[in-house]
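Given these sequences and hints, build the entire structure.
Each chain is listed here by its residues.
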Amino acid sequence: DTAVSQTPKYLVTQMGNDKSIKCEQNLGHDTMYWYKQDSKKFLKIMFSYNNKELIINETVPNRFSPKSPDKAHLNLHINSLELGDSAVYFCASSQGQPYVHEQYFGPGTRLTVT
Amino acid sequence: KQEVTQIPAALSVPEGENLVLNCSFTDSAIYNLQWFRQDPGKGLTSLLLIQSSQREQTSGRLNASLDKSSGRSTLYIAASQPGDSATYLCAVRPGSGNTGKLIFGQGTTLQVKP
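Protein sequences, first through last, are from chains G and C.
Taking our numbering, I'd label the letters of the first sequence as residues 1 to 114.
Taking our numbering, I'd label the letters of the second sequence as residues 1 to 114.
I should point out that these hints are in silico values taken from the structure, not numbers from a laboratory.
Don't be surprised by glycine CBs; every beta carbon is placed ideally from N, CA and C.
Heads up, a few of these hints could be off.
Some chain G residues flagged as far from chain C (calculated, every beta-carbon gap over 12 Å) [to be verified]:
(1) V4
(2) Q6
(3) L11
(4) G16
(5) N17
(6) F64
(7) P69
(8) D70
(9) K71
(10) A72
(11) H77
(12) P98
(13) V100
Computed cross-link-like contacts, DSSO-like style, restricted to lysine-lysine with a CA-CA straight-line distance of at most 30 Å [to be verified]:
(14) G:K44 to C:K1
(15) C:K68 to G:K44
(16) G:K40 to C:K1
(17) G:K36 to C:K1
(18) G:K22 to G:K36
(19) C:K68 to C:K1
What follows is the structure in structure tokens.
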């Protein structure tokens with residue numbers, strides 16, 4: 001029973017393409033997040049959603065657009081992919097207000113842009 | 001601006017040894033601090049969450065302490081095992097604002113040799 005799942009696990013694509021990463025959590029949490037982990041292993045928050053409302057939108061390029069069709073899902077769509085977008089993207093969820101309670105992470109999606 | 005530093009970046013110890021991982025942060029006004037474990041190619045697993053009012057948290061062989069005034073946290077691992085080999089990340093949530101994000105350190109990669 002996977003708590004936070006992401007698809008796909010690996011994604012290899014060419015520059016300029018548009019791609020989406022999907023995330024689902026079955027924990028009944030109110031808040032979901034997208035993080036980016038770069039080649040130096042630094043984790044940085046990209047977006048956070050609470051009850052389907054965007055509450056944090058970090059200074060990421062507007063080529064990245066999160067969409068939450070319901071509380072259990074938070075998808076990430078990326079337009080016009082660039083080489084610098086290559087990274088591992090993690091989805092996470094937690095109960096209640098953001099960052100108050102423990103976060104549960106998905107396994108990550110390794111995006112490689114060639 | 002809050003910054004989180006973890007030293008050392010890598011650590012190798014023989015099995016059975018007790019060890020301490022360090023995390024320091026520049027702004028003592030934090031809401032909470034969380035320790036995570038990341039296995040290669042996997043997502044993050046939450047180990048311990050310490051609220052700003054707490055001094056320590058324990059889970060099995062793990063003990064995390066928090067000293068806000070000095071901007072430090074330590075993760076103590078007792079009787080280390082090869083299965084403890086992973087990267088350990090600490091993250092702080094700043095105390096200001098209602099939507100403070102988690103700020104991560106770069107992690108300490110631990111190898112426990114049999």
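Indices of hints not satisfied (ascending): Hints 1, 2, 12, 13 contradicted; others consistent.
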